Amino acid sequence: MPRHPVLPLLAAGLLAAAASSQQDVLRQRLDPATYAALQPILEQASRDSLPLKAIEAKALEGQAKRRPGALIVAAVRQLAADLRAARLALREALPQRAISDGEIVAAAEAVRQGVPGEVITTVAREAQPGAPLEIPLALLGALVSRQVPVQEAANVIAHMLASGIPQERMVEIPQRVDVALRVGAPPVAALGTALQSLGIPVPPAPPARGRPPGIRPPVPDVPDR
Amino acid sequence: MTREPEDLTRYLDGELERDQLAPELAAKAEAFERLFQVLREEKVEASPRLREAVMTRVRAAAASPWRRSWTWIATPRPVRISPLTGALALAAAMALLLIARPQPSAEPPVAPAAAASGSKARFVFIAPGAKSVAVTGDFVNWSPEGIPMEDRQGTGVWVAEVELPPGVHHYVFIVNGSEMVTDPNATRVDDGFGQQNSVLLVPPRGSS
Chain A
1 MPRHPVLPLL AAGLLAAAAS SQQDVLRQRL DPATYAALQP ILEQASRDSL
51 PLKAIEAKAL EGQAKRRPGA LIVAAVRQLA ADLRAARLAL REALPQRAIS
101 DGEIVAAAEA VRQGVPGEVI TTVAREAQPG APLEIPLALL GALVSRQVPV
151 QEAANVIAHM LASGIPQERM VEIPQRVDVA LRVGAPPVAA LGTALQSLGI
201 PVPPAPPARG RPPGIRPPVP DVPDR
Chain B
226 MTREPEDLTR YLDGELERDQ LAPELAAKAE AFERLFQVLR EEKVEASPRL
276 REAVMTRVRA AAASPWRRSW TWIATPRPVR ISPLTGALAL AAAMALLLIA
326 RPQPSAEPPV APAAAASGSK ARFVFIAPGA KSVAVTGDFV NWSPEGIPME
376 DRQGTGVWVA EVELPPGVHH YVFIVNGSEM VTDPNATRVD DGFGQQNSVL
426 LVPPRGSS
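Chains as they are written, first to last, in our numbering: chain A, 1 to 225; chain B, 226 to 433.
Calculated from the structure, these hints are not laboratory results.
Misleading hints may appear alongside valid ones.
As the list claims (entries may be wrong) - Label-pair restraints from in silico Cβ distances:
no., chain 1, residue 1, chain 2, residue 2, range
1, A, D31, B, W295, 46 to 52 Å
2, A, R91, B, A312, 46 to 52 Å
3, B, A318, A, S46, 27 to 33 Å
4, B, V382, A, R47, 26 to 32 Å
5, A, R27, B, V304, 54 to 60 Å
6, A, A85, B, A318, 45 to 51 Å
7, B, W297, A, R47, 20 to 26 Å
8, A, R47, B, V304, 16 to 22 Å
9, B, P308, A, R27, 32 to 38 Å
10, A, S46, B, S294, 50 to 56 Å
11, A, R27, B, G311, 40 to 46 Å
Only a predicted model underlies this, so the values are computations on that prediction, with no experimental measurement involved.
Glycine included, every Cβ here is placed at the ideal spot set by N, Cα and C.
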């Protein structure tokens, strides 16, 4: 028995009081009914190892924008479903690698912007081992939202991933595309102009049919002899 | 102390009778008794000057209220409580601390300290007629008040610089404390509430 048994109790109490979690913020900012309705979604998301912080942030965003509780719950539920699908798409491309919360969120957002899940998977396979995908996937969604055709955008992103183009140069692309779009360039031409201005080689255009160059075809199964 | 004065003291305290005293002490005792008789019969008043002199010295020696309070607080005193009482008091203090935690501060929120691999983002919004502009987003838990922006030149160009960790960040501008608008110069995404958010990409530092 320690000589001062109160001291460990005091330390534990102070630690508990000092730990201000996102849950506390949610409880303070949301009305009780909305908070209670969100709990099952958050608990399931936690069990599924989804990006919990992003899901909780969506609820706080709804509160900040003064949205009704029912709409907040619906948006959070939809986001959880999007994240679940995005994680599956990335896991298919990267079965052995740990996938970060940011990558899952970026993939879900790209899908919401019009990028099919299978394109996410294909692009992710092009990344160099260990290279982060959050920025490239967000960029893919940004290009598609600017009316660049999905295959064109995917081809460019895959090419940059395979070439190891620095992300500090990648993030400049959307604004440079905007500049070209403002002067009337069509989306594909605007993307080409943006790449050239950043010194990024423009990949060859994808063929009209079949898989675009740079996107590796699946390895056929070879039966053992 | 000699024996004789002690016997006199005991007599004066009422512990000895006069006939128990030695003759020389008995004489002194009688002198004391005559003095006491005078004091009992005559009303003796100190002169006002004596009284005032004494009180002046008493007041000068008295400690101020602050000093008396400090002396009381700083004086060690033994306190005895049982372990059960102490544990209950501690639990009550912890409960009060948890319940009485302050509400979300009205002070401008602070973005999380960027990791060494993040960078400083510069938000710019042009609103010449606005009285205030702030920026809010996932980096400040979507604070309804946001981070205040400044129009230092008074030209309607509102600016804020925020340290952000690397990654993808969603944000909006808050104009005049209530109207949320997207950044016209940034990628926009559906926010899931029928509106849009602006998107900012922050690369890892040293990713070149």
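Checked hints:
1. A:D31 with B:W295: 46 to 52 Å: holds (49 Å)
2. A:R91 with B:A312: 46 to 52 Å: Hint holds: Cβ distance 49 Å, inside 46 to 52 Å.
3. B:A318 with A:S46: 27 to 33 Å: Holds: the Cβ-Cβ distance is about 31 Å, inside 27 to 33 Å.
4. B:V382 with A:R47: 26 to 32 Å: violated (48 Å)
5. A:R27 with B:V304: 54 to 60 Å: violated (38 Å)
6. A:A85 with B:A318: 45 to 51 Å: Holds, at about 48 Å.
7. B:W297 with A:R47: 20 to 26 Å: violated (58 Å)
8. A:R47 with B:V304: 16 to 22 Å: violated (50 Å)
9. B:P308 with A:R27: 32 to 38 Å: For P308 of chain B and R27 of chain A the Cβ distance comes to about 34 Å; the hint holds.
10. A:S46 with B:S294: 50 to 56 Å: Cβ of S46 of chain A to Cβ of S294 of chain B: about 53 Å, so the range 50 to 56 Å holds.
11. A:R27 with B:G311: 40 to 46 Å: The hint (40 to 46 Å, Cβ to Cβ) is violated, given that R27 of chain A and G311 of chain B are roughly 31 Å apart.
This entry does not satisfy hints 4, 5, 7, 8, 11, going by the numbered hints stated previously.
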